[in-house]
Amino acid sequence: MLSKIARIQLVSSDPEVYDPCDDSFALVDALLADRANLLAHRPSICMEIGCGSGYVITSLALLLGKEEFSSYYIATDTNPRAVRVTQETLEAHGCHAELVNTDIASGLEERLAGCVDVMVVNPPYVPTPEEEVGRDGIASAWAGGENGRRVIDRILPVADNLLSEKGWLYMVTLTANNPLELCLEMRKKGYASRIILQRSTEEESLHIIKFWRDLNTLMEASEYKTVDKTDGIDPESPSKYASCNIN
Amino acid sequence: MRLLTHNMLSSNIKGVANGFPLGIEVEKVIEEKVDLNADFLKNMLFKIEWNALVEASKTLGYSELPDNAESSMLDSDDFLQKFHHALLELHLEEGALVCPETGRKFPVSKGIPNMLLHEDEV
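Those protein sequences? They're chains A and B, same order as listed. Heads up, the first sequence is in the working numbering, so the first residue is 1 and it goes up one at a time. Heads up, the second sequence is in the working numbering, so the first residue is 1 and it goes up one at a time.
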């Protein structure tokens with residue numbers, strides 16, 4: 001019987017690769033909850049940045065599964081052992097995805113620009129000292145520098161470049177990353193957003209954000225630049241961010 | 001690594017003006033059948049750089065693709081089969097991708113290309 005998502009028993013592992021944890025499960029739960037929308041969306045190209053153990057990309061491939069269309073799945077990780085582990089996890093589930101060992105999407109950015117319909121990212125979001133960011137090995141899975149934003153801030157412009165007009169981005173964040181600020185920054189680039197899942201564990205509060213391009217947001221963003229700031233977006237009003245219920 | 005992925009990769013070395021397409025050095029190619037999906041192929045035809053696919057396919061030992069392609073050919077089962085085969089069923093398992101400007105090699109091992117750059121290339 002085909003699993004809806006990846007099975008932990010079939011996920012491969014390596015001491016230098018991040019095992020699936022609460023954040024991975026939260027992201028997959030969010031994707032599962034959005035499955036009907038994802039299927040209706042008919043993405044041709046789906047991408048994961050930072051595939052780690054392969055739990056998320058495998059789950060995405062399974063939940064979009066053998067329906068009427070098929071998608072091209074591509075995943076990247078800067079850790080060479082992570083891409084190997086992801087390959088093993090995919091194989092164990094009978095799934096296929098293309099894998100590239102690279103930093104974020106380096107090497108893919110020119111040709112894949114404007115092509116990715118669904119992107120999923122569980123970035124290194126933990127606030128750490130700056131020196132810990134980008135080191136080889138397993139720490140690269142979590143080390144996020146100041147406010148845990150160092151790598152997130154590099155990923156978002158890449159996502160903006162790669163996402164198609166109908167592209168959706170799902171990203172895991174912590175409260176410490178200041179999710180509302182991230183939504184505001186993406187709003188300036190014409191993205192609407194919604195926190196589609198929140199989960200608090202003993203250690204951290206996770207927010208899974210979904211971003212999508214929205215014409216109204218884009219128009220507001222251009223108006224905001226020319227109008228007096230007091231007429232602009234009120235960061236104290238959460239309903240402004242929850243208002244884009246296109247789905 | 002499928003040729004679809006090869007078609008999406010370009011040299012990321014600093015200063016390189018035209019890093020596409022990457023050359024291919026072959027050590028091991030495998031063929032793996034997957035189901036054909038015509039809608040998927042139709043979508044991909046618009047994104048693919050056709051010449052790069054034809055050349056790469058020949059390098060991997062498959063020369064059946066026509067030199068030019070246009071959307072009307074998608075009505076032909078024969079064309080679909082060939083396009084599908086070249087794009088999705090040929091895998092470069094071992095070898096390298098080569099920057100067309102600098103000659104720098106990006107190794108491909110177990111079907112996974114390594115595009116990580118050295119410090120002086122970033």
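Hints in this document: simulated from the structure, not taken from any laboratory. Here the structure is a predicted model, which means the values were calculated and not measured. All C-beta atoms in this analysis are idealised placements derived from N, C-alpha and C, irrespective of residue type, glycine included. Among the clues, some could well be false.
Only pairs whose alpha carbons sit at most 30 Å apart, straight line, appear in this in silico DSS-like list of lysine-lysine [to be verified]:
(1) A/Lys189 - B/Lys105
(2) B/Lys33 - B/Lys14
(3) A/Lys166 - B/Lys42
(4) A/Lys4 - B/Lys110
(5) B/Lys42 - A/Lys4
(6) B/Lys110 - A/Lys166
(7) A/Lys166 - A/Lys189
(8) B/Lys82 - B/Lys28
(9) B/Lys33 - A/Lys4
(10) B/Lys105 - B/Lys14
(11) B/Lys110 - A/Lys189
(12) A/Lys188 - B/Lys110
(13) B/Lys14 - B/Lys82
(14) B/Lys47 - A/Lys188
(15) B/Lys42 - B/Lys14
(16) B/Lys58 - B/Lys105
(17) B/Lys82 - B/Lys42
For the chain B half of the interface with chain A, some residues (derived, Cβ under 8 Å), not all of them [said to hold, decoys possible]:
(18) Asn7
(19) Met8
(20) Ser10
(21) Val16
(22) Asn18
(23) Ala38
(24) Phe40
(25) Leu45
(26) Ser63
(27) Met115
(28) Leu116
(29) His118
Counterexamples of contact, computed for chain B against chain A with all Cβ distances above 10 Å [claimed, not checked]:
(30) Asp35
(31) Tyr62
(32) Pro113
Now the hints, each set against the structure:
Restraint check for A/Lys189 and B/Lys105: not satisfied, since their Cα atoms lie roughly 36 Å apart, outside the 30 Å limit. For a cut-off of 30 Å, the pair hint linking B/Lys33 to B/Lys14 is broken: about 37 Å separates their Cα positions. Pair hint A/Lys166 plus B/Lys42 holds up; C-alpha atoms about 18 Å apart against a cutoff of 30 Å. Between the alpha carbons of A/Lys4 and B/Lys110 the distance comes to roughly 27 Å, so the proposed pair stays at or under 30 Å and holds.
Between B/Lys42 and A/Lys4 the alpha-carbon distance is near 28 Å, which keeps this suggested pair within the 30 Å criterion. This hinted pair does not check out: B/Lys110 and A/Lys166 have alpha carbons roughly 33 Å apart, beyond 30 Å. Restraint check for A/Lys166 and A/Lys189: the C-alpha separation of about 14 Å stays at or below 30 Å, so the hint holds. A distance of roughly 21 Å separates the Cα atoms of B/Lys82 and B/Lys28; the hinted pair therefore holds under the 30 Å criterion.
Proximity of B/Lys33 to A/Lys4 is assessed by CA-CA distance (about 24 Å); at most 30 Å being required, the pair is judged to hold. With a C-alpha separation of about 15 Å, the suggested pairing of B/Lys105 with B/Lys14 holds against the 30 Å cut-off. Restraint check for B/Lys110 and A/Lys189: not satisfied, since their Cα atoms lie roughly 38 Å apart, outside the 30 Å limit. For the hint pairing A/Lys188 with B/Lys110, the CA-to-CA distance comes to about 41 Å; that exceeds 30 Å, so the pair is violated.
A C-alpha spacing of about 36 Å is found between B/Lys14 and B/Lys82, which places the hinted pair above 30 Å, so the restraint is violated. As the CA atoms of B/Lys47 and A/Lys188 are separated by approximately 28 Å, the hinted pair is consistent with the 30 Å bound. Annotation: proposed proximity of B/Lys42 to B/Lys14 is violated, straight-line Cα distance about 34 Å (limit 30 Å). A distance of roughly 19 Å separates the Cα atoms of B/Lys58 and B/Lys105; the hinted pair therefore holds under the 30 Å criterion.
Of the pairs offered as hints, the one joining B/Lys82 and B/Lys42 holds, with about 13 Å between alpha carbons and a cut-off of 30 Å not exceeded. At a threshold of 8 Å, the smallest CB-CB gap from B/Asn7 to chain A is about 7 Å, leaving the interface hint in force. With 8 Å as the threshold, the beta carbon of B/Met8 comes within range of chain A, its nearest partner Cβ sitting at about 4 Å, so the hint holds. Because the smallest distance between the Cβ of B/Ser10 and any Cβ of chain A comes to about 5 Å, under 8 Å, the interface hint for this residue holds.
With 8 Å as the threshold, the beta carbon of B/Val16 stays out of range of chain A, its nearest partner Cβ sitting at about 11 Å, so the hint is violated. Contact between B/Asn18 and chain A, as hinted, is not supported at the beta carbon level, the nearest pair being about 10 Å apart and thus beyond 8 Å. The criterion of a C-beta within 8 Å of any C-beta in chain A is not met by B/Ala38, whose closest approach is roughly 10 Å, and the hint is violated. The restraint placing B/Phe40 at the interface with chain A holds, with a minimum CB-CB distance near 5 Å, inside the 8 Å limit.
Nearest Cβ of chain A to the Cβ of B/Leu45: about 11 Å, over the 8 Å cut. The hint is violated. Of the supplied interface hints, the one on B/Ser63 is violated, with its beta-carbon coming no nearer than about 23 Å to a beta-carbon of chain A, more than 8 Å. A cut of 8 Å between beta carbons decides the hint on B/Met115: the least distance to chain A is about 4 Å, and the hint holds. The interface hint given for B/Leu116 holds, since its Cβ lies 6 Å from the closest Cβ of chain A, which is under the 8 Å cut-off.
Restraint check, B/His118 versus chain A: the minimum CB separation of about 12 Å is more than 8 Å; hint violated. With a closest Cβ-Cβ approach of about 8 Å to chain A, B/Asp35 is found to fall inside the 10 Å limit, against its non-interface label. Against chain A, the non-interface label of B/Tyr62 holds: every CB pair exceeds 10 Å, the least being about 18 Å. With a minimum CB-CB distance of about 6 Å to chain A, B/Pro113 fails to clear the 10 Å threshold, and the non-interface call is violated.
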